[in-house]
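There are 2 protein chains.
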Amino acid sequence: MENRKQTIEEFAAELSSKAPVPGGGGTSALAGALGNALGQMVANLTIGKKKYAAVEDEIKEILKDLEIRQSHFLKLADEDAAVFTPLAAAYGLPSQTDEEKEYKAQVMEKNLLEASRVPMEIMREAAETLKLMEILGEKGSRLAVSDVGVGVQLLRAALTGAVMNVYINTKSMKNRDKAEELNREADSLLEEGTRKADEIYETVRKGLKG
Amino acid sequence: MENRKQTIEEFAAELSSKAPVPGGGGTSALAGALGNALGQMVANLTIGKKKYAAVEDEIKEILKDLEIRQSHFLKLADEDAAVFTPLAAAYGLPSQTDEEKEYKAQVMEKNLLEASRVPMEIMREAAETLKLMEILGEKGSRLAVSDVGVGVQLLRAALTGAVMNVYINTKSMKNRDKAEELNREADSLLEEGTRKADEIYETVRKGLKG
Chain A
49 MENRKQTIEE FAAELSSKAP VPGGGGTSAL AGALGNALGQ MVANLTIGKK
99 KYAAVEDEIK EILKDLEIRQ SHFLKLADED AAVFTPLAAA YGLPSQTDEE
149 KEYKAQVMEK NLLEASRVPM EIMREAAETL KLMEILGEKG SRLAVSDVGV
199 GVQLLRAALT GAVMNVYINT KSMKNRDKAE ELNREADSLL EEGTRKADEI
249 YETVRKGLKG
Chain B
49 MENRKQTIEE FAAELSSKAP VPGGGGTSAL AGALGNALGQ MVANLTIGKK
99 KYAAVEDEIK EILKDLEIRQ SHFLKLADED AAVFTPLAAA YGLPSQTDEE
149 KEYKAQVMEK NLLEASRVPM EIMREAAETL KLMEILGEKG SRLAVSDVGV
199 GVQLLRAALT GAVMNVYINT KSMKNRDKAE ELNREADSLL EEGTRKADEI
249 YETVRKGLKG
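Sequences listed follow chains A and B, in order. Following our numbering, the numbering of the first sequence begins with 49 at its first residue and continues without gaps. Following our numbering, the numbering of the second sequence begins with 49 at its first residue and continues without gaps.
The hints are simulated quantities; they were obtained by calculation from the structure and are not laboratory data. A portion of the hints provided could be inaccurate.
Since the list gives no way to pick out one identical chain from another, each pair is judged satisfied if it fits inside one copy or across any two copies.
Restricting the straight-line Cα-Cα distance to at most 25 Å, the calculated cross-link-like pairs of lysine-lysine (PhoX-like) are [what the hints assert, rightly or not]:
id: 1; residue 1: K66; residue 2: K219
id: 2; residue 1: K226; residue 2: K257
id: 3; residue 1: K66; residue 2: K98
id: 4; residue 1: K112; residue 2: K66
Let the hints inform the model, and build the full structure from the sequences given.
This is the structure:
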């Protein structure tokens, strides 16, 4: 069943079980979706308000962008589960003869690459969404600024969570150049994204605490 | 409708809307529930495995504890929405005469206290759950260690998210001693909890990246 069609209670129960999916990858995508949704909430609370008329067009563009990224986050949660089955099957292939070994290595490599693509896309989406959150934090309704703060923390969790699944898959890849390239991109998204999230969050927190 | 009975898609859509609830508070509770669920997954992947027989009893106790805290997280998500209605109503009370002013101040104070209680409980639950995650990270199945990493980041988001709702409500409280006391507890849970989450996460990350 697609995660997005499950109730929260059902998803939490499946996540708790020892079944391999949903796991950390799908949860990271979901964290991204929740952070994104809070951004949309802030945009929706800003649009149509006289006080924010000067930024209304910009906020409307951000909302449209967030909506597209939201459906991507929800799709990625399901994709994370979908790429697991062929990878688990590849791990189970026989590897007695040289021919079998070579075939298994080929299938493994292909599936590891695909399994690292999904968390990498979660990270890219989270990083792009953080840029939109930054603008919402500066120009969006002051009444909803705390939701920007909560939202960036969920996007931060999407980044820090998804990078784990990049590492797990690149670790077993035979093509070390490709593996290092993926790790470098992931580390850079992680570093830049968490720094941005922390900056936005601290600004919101100081403003709220007074 | 209770959040836990909604599908993920429905919850995300409601969260995105300009309706005041669900908002950052409910999302923080949900982040806690997702982090907790990943902890349960790690426990379930450890229990029954020969390799971890020596710690099985301890892990079973942790699982029981996580299950109780999980139902509390899901309950707190709904409570966060439930305390909003009377608080919004209190903001709308008339305040022309001295009598009206005094009555409004009393009702406001009571509802602000209740509205800060919910995020404070989310923070306490997240802090306690992090302690269990620390043990799972040390003694749980090595195959699921990345899920400990993702889980602690979601619990971190629960802490950093919920503290916003503590600040918002304590800020308007007339009883400044009580407000400061609540802020102090929140800040201490925040500082200690994020430090612990970051420590556990870095240990997991270094182990995975190799």
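Verification of the supplied hints:
no.: 1; hint: K66 / K219; in the structure: within (23 Å within a copy, 43 Å between copies)
no.: 2; hint: K226 / K257; in the structure: between (46 Å within a copy, 15 Å between copies)
no.: 3; hint: K66 / K98; in the structure: between (52 Å within a copy, 16 Å between copies)
no.: 4; hint: K112 / K66; in the structure: between (38 Å within a copy, 15 Å between copies)
The structure meets every hint from the earlier list without exception.
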